[in-house]
Amino acid sequence: MKSYGFDGNAPQGLGRKVTSVYVYEAPVRLWHWVTVLCIITLSVTGYLIGKPLPSVPGEATFNFVMGYIRFAHFTAGYILAIGLIGRLYWALVGNHHAREIILVPVWDKGWWKEFFFEVRWYLFLERYPKKYIGHNPVGQIAMATFLWAAVFMCFSGFALYGEGLGTKSWAYQGFGWVISAFGGNSLTVHNWHRLGMWSIILFVMIHVYAAIREDIMSKQSMVSTMISGFRMFKD
Numbered sequence: 001m002k003s004y005g006f007d008g009n010a011p012q013g014l015g016r017k018v019t020s021v022y023v024y025e026a027p028v029r030l031w032h033w034v035t036v037l038c039i040i041t042l043s044v045t046g047y048l049i050g051k052p053l054p055s056v057p058g059e060a061t062f063n064f065v066m067g068y069i070r071f072a073h074f075t076a077g078y079i080l081a082i083g084l085i086g087r088l089y090w091a092l093v094g095n096h097h098a099r100e101i102i103l104v105p106v107w108d109k110g111w112w113k114e115f116f117f118e119v120r121w122y123l124f125l126e127r128y129p130k131k132y133i134g135h136n137p138v139g140q141i142a143m144a145t146f147l148w149a150a151v152f153m154c155f156s157g158f159a160l161y162g163e164g165l166g167t168k169s170w171a172y173q174g175f176g177w178v179i180s181a182f183g184g185n186s187l188t189v190h191n192w193h194r195l196g197m198w199s200i201i202l203f204v205m206i207h208v209y210a211a212i213r214e215d216i217m218s219k220q221s222m223v224s225t226m227i228s229g230f231r232m233f234k235d
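Here the sequence shown is numbered in full-length UniProt numbering, starting from 1 and rising by one per residue.
Since the hints were made in silico from the structure, they are not lab data. These numbers come from a predicted model, not from an experiment. Any given hint could be a false lead.
Within a straight-line C-alpha distance of at most 25 Å, the following computed BS3-like cross-link-like pairs (lysine-lysine) qualify [unchecked claim]:
(1) Lys130 to Lys113
(2) Lys109 to Lys130
(3) Lys131 to Lys109
(4) Lys234 to Lys131
(5) Lys130 to Lys234
(6) Lys130 to Lys219
Given these sequences and hints, build the entire structure.
As structure tokens, this is what we get:
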């Protein structure tokens, strides 16, 4: 699969300027924004689970704050996992843009040429940007890495969840092997899970910066594209 550059011109013979292209289908956009909400919820609640609030004396019925925090974390984890499954499914049945972050053409020399151009562009070493209908090569790599990180977070999260539920639970039966893979030490899994959280937070910060930067500097829509599905070219 190739990454498609775009100069704003219609295919020869159409005789008109192309200013917008439908890129992201509704399921892809829904997955994106649901994942945003999940990441926010998981990050806040995950931090508080790792750094619990001070204990409050009294009847547990009226002091169940950490219980609600854990419930929100587990619920968001379920939704994130279901969303990932749905996203992988849509990569199979959706348009070719839906597959860009699943199948990255690292075997294509032309793709690497585009990749290094984008790296130079992000480092302010190129004066003029290239335009892409879908993800540019750097975006492909970044989103593919995020997907694998999210998969790891789901696996490690369900492993820790299963340990709390007990050895007969579905979570332990399905994901207990993750703890074994880390030497049987759930604290090690917890540490990697927490490192994953901070890595994803860093990714989100860079992702938001890059999207806004491209919206302004490359004169093609980014944020609004993930709302409407249409990539708008401003020149």
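Now the hints, each set against the structure:
{"no.": "1", "hint": "Lys130 to Lys113", "verdict": "holds (12 Å)"}
{"no.": "2", "hint": "Lys109 to Lys130", "verdict": "holds (17 Å)"}
{"no.": "3", "hint": "Lys131 to Lys109", "verdict": "holds (19 Å)"}
{"no.": "4", "hint": "Lys234 to Lys131", "verdict": "holds (11 Å)"}
{"no.": "5", "hint": "Lys130 to Lys234", "verdict": "holds (13 Å)"}
{"no.": "6", "hint": "Lys130 to Lys219", "verdict": "holds (10 Å)"}
Comparing the model with each numbered hint stated earlier shows that all of them hold.
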